[in-house]
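**Student:** Assemble the complex: chain A is given as a structure, and chain B must be docked to it using the hints.
One line per chain: the protein sequences are A and B, in this order. Quick note on numbering: the first sequence equals residues 161 to 273 in my numbering. Quick note on numbering: the second sequence equals residues 580 to 694 in my numbering.
Source of the hints: derived by calculation from the structure; they are not laboratory data. Keep in mind that the hints are not guaranteed to be accurate.
As the list claims (entries may be wrong) - To give an idea of the chain B side of the interface with chain A (calculated C-beta under 7 Å), a few residues:
hint, residue
1, 626
2, 627
3, 650
4, 684
Said to hold, decoys possible - One side only, chain A facing chain B, incomplete, derived with CB under 10 Å:
hint, residue
5, 193
6, 198
7, 206
8, 210
9, 216
10, 251
11, 261
12, 264
13, 269
14, 271
Glycine included, each C-beta is placed from N, C-alpha and C at the ideal position.
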Amino acid sequence: EPEVTQTPSHQVTQMGQEVILRCVPISNHLYFYWYRQILGQKVEFLVSFYNNEISEKSEIFDDQFSVERPDGSNFTLKIRSTKLEDSAMYFCASSEWDTDTQYFGPGTRLTVL
Amino acid sequence: AQKITQTQPGMFVQEKEAVTLDCTYDTSDQSYGLFWYKQPSSGEMIFLIYQGSYDEQNATEGRYSLNFQKARKSANLVISASQLGDSAMYFCAMRDTGSARQLTFGSGTQLTVLP
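Isolated chain A (complex conformation) (with noise of 0.2 Å):
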């Protein structure tokens, strides 16, 4: 069964550097989305992504994110500078339709010192 995987499942960075986070989607699905989970807390939206370029974006989702899809299979979010707060899970997830199933990636653990 397709699935969305992420790269990598843990990340460690130092406070200030730019770290990259990898998702290849479903192949056949049309949308692309990051999501964010802080330890303990709910799922939070960042960005939605279509037709190469982003439909929605949250209030979390400020200029130290972008996102780009470098190919045909990949779609990456950068974070530039890392903040001690931007520790988190970070969810990729797609969906063949805006108004379909989204199914996620198994996340990419952030940690920043």
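**Tutor:** Using the frame of chain A, we list chain B on its own:
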């Protein structure tokens, strides 16, 4: 504004028993979708079941069923014949026409299945 409420931070159930996890929602839209996801201790988010606001029948997927009461704005997840592997965090989520491309999640219910 959307809102998803899960009032049970933790639930216990005996193996092989059924359990209901509560979820209420708030939206002024007529068209919306309700989802349940399971998050085991390993951290991944697993899609379980979906209910559309216009669906007349309650959704079912194997041992999972969704008790959808539109007038009460509730979408409770029922797990029948609980198994030890059902122990996990369960999240209710909603998407409505005002934000078709994002899910709003509840705070989750930690389910523990006892042997």
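**Student:** Does each hint hold? Answer for all of them.
**Tutor:** Verification of the hints:
1. 626: With a closest approach of 6 Å, the residue 626 of chain B hint holds.
2. 627: Result: violated, 10 Å to nearest chain A Cβ.
3. 650: 23 Å, violated
4. 684: 4 Å, holds
5. 193: Status holds, d = 7 Å.
6. 198: At 12 Å from the nearest chain B Cβ, residue 198 of chain A fails the 10 Å test, so the hint is violated.
7. 206: 9 Å, holds
8. 210: 8 Å, holds
9. 216: 5 Å, holds
10. 251: 6 Å, holds
11. 261: 6 Å, holds
12. 264: Status holds, d = 4 Å.
13. 269: 7 Å, holds
14. 271: This interface hint is violated because 13 Å lies over the 10 Å limit.
When each numbered hint is compared with the structure, violations occur for hints 2, 3, 6 and 14.
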